[in-house]
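**Student:** Chains as they are written, first to last, in my numbering: chain P, 10 to 275; chain R, 374 to 486.
Simulated from the structure, these hints should not be mistaken for lab results. Predicted, not measured: the structure shown is a model, and the values here were computed from it. Quick reminder that beta carbons are idealized off the backbone N, C-alpha and C, glycines included. Take the hints with a grain of salt, since some may be wrong.
[As the list claims (entries may be wrong)] Stretch by stretch, here's where chain R covers chain P in the computed footprint (C-beta under 8 Å, at least three residues):
#: 1; stretch: 25-39
#: 2; stretch: 57-69
#: 3; stretch: 85-98
#: 4; stretch: 123-136
#: 5; stretch: 177-189
#: 6; stretch: 231-240
[What the hints assert, rightly or not] Over 10 Å on every C-beta distance to chain R, these chain P residues come out as not near it, computed from the model:
#: 7; residue: I18
#: 8; residue: V52
#: 9; residue: F154
#: 10; residue: V255
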Amino acid sequence: MMLINSVVIVLREVLEAALMVSVLLAVSRILRLDTRWLRIALVVGLGGAAIYGHFLDSVSELFEGVGQELFNALLQFSVLVFLSVAVFLIARQRGQRCDKHTFLPLVMALAVAVAVTREGAEVLIYVTGFWQMSDFLSSVGVGSFTGAAIGFSVGVLFYYLLLAVSPSRALLVSIVLLSLAASGMSAQAMGLMIQADWISVAAPLWDTSGFIAEDSLTGHLLYALIGYEASPSAIEVATYAASIAVMALSAILGRTVFAKIESDVS
Amino acid sequence: MKCLGRIAALLFLVTTANAATPVFEIEIRNHLFQPDTVIIPANTKVKLIVYNRDATPEEFESYELNREKVIMGGRKAIIFIGPLAPGEYPFFGEFNPQTALGKIIVKDGNDAD
């Protein structure tokens, strides 16, 4: 049974990051960017996860015992910021050619590094916490590896699906996917602020757990993809909506700025 | 930034002190919650303190309460929950979900305690 737990725990964390990485990597390929940024982002992210995981108990005790929530919320809100800049820069592209893009790889790397720090810390705490168990290799080890492998495979699948469609459509789909993922993360960040009691809430707005349970397979997948939450409060729904608006505005601004430069040139 | 953090922490302290949030405590021992059932008043925000007495880390998790928090071995965690409508809200330890199971029972004002 320990094995199945490990698969679910690691898969949940890896899936979210893997989907984001696959979309950003597909965008890089379509725009013919150097993909070296991903290697750097993963190394920085894993290093960040190791450091964060190591200091988690001290971080947790900050701010009257809610430092963990606040730090995680900060990480997730900053992913929203980096992805909104990325979407602005992606929306400026029409078709595939682009050469003057030093800034896009940087914001993509920042988004991935921060997301990996956030998701990776928990996986590292879990794996290292049960390191000394006698049957570690047969349970936690194999389970974690399987979970990571499934998450990675889903990412690879997404990557090739995006590369299979036409470049302009793939960029549009990428912008939509990044917007949904970023909004899900910022709504979760708001949830953490509520958990920390920095924001007070009334009862949840609705409850769809009878329809799609959060701990079902569909629930886990939707959580990774769009930040699915069965019983959100009004402020989480508002945060989600506001984040979608920010992402859409970034994309539209990117498009219009591009169109303006285009018309100025011609 | 440091100063701002202190002011924020202070403000936070003052607001919680004023609100007199009820406190409930739970322990984790051998991957079990003790007590595994906590009764709290309806429509009231409460402060849950979870002590992890095990050497291994645990993650307090509840889909119904929308809460998740990693608690390192030998440490404690503060988790605010509510205000909630009467009902049962299960929670579990994500790292040991077969044994670490518990629930929050929310009761109307008069029946609680």
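**Student:** Decide, hint by hint, whether the structure agrees.
**Tutor:** Here is how each hint holds up against the structure:
1. 25-39: Three-residue rule not met by the stretch 25-39 of chain P, so violated; n is 0.
2. 57-69: holds (count 3)
3. 85-98: violated (count 0)
4. 123-136: Answer holds; 3 residues pass the 8 Å Cβ test.
5. 177-189: Three-residue rule not met by the stretch 177-189 of chain P, so violated; n is 0.
6. 231-240: Coverage by chain R holds here, the residue count being 3 at a Cβ distance below 8 Å.
7. I18: 6 Å, violated
8. V52: V52/P clear of chain R: closest Cβ-Cβ about 23 Å, beyond 10 Å.
9. F154: For F154/P, whose nearest Cβ neighbour in chain R is about 17 Å away, the distance exceeds 10 Å, so it holds.
10. V255: Answer for V255/P: holds, closest chain R Cβ roughly 23 Å.
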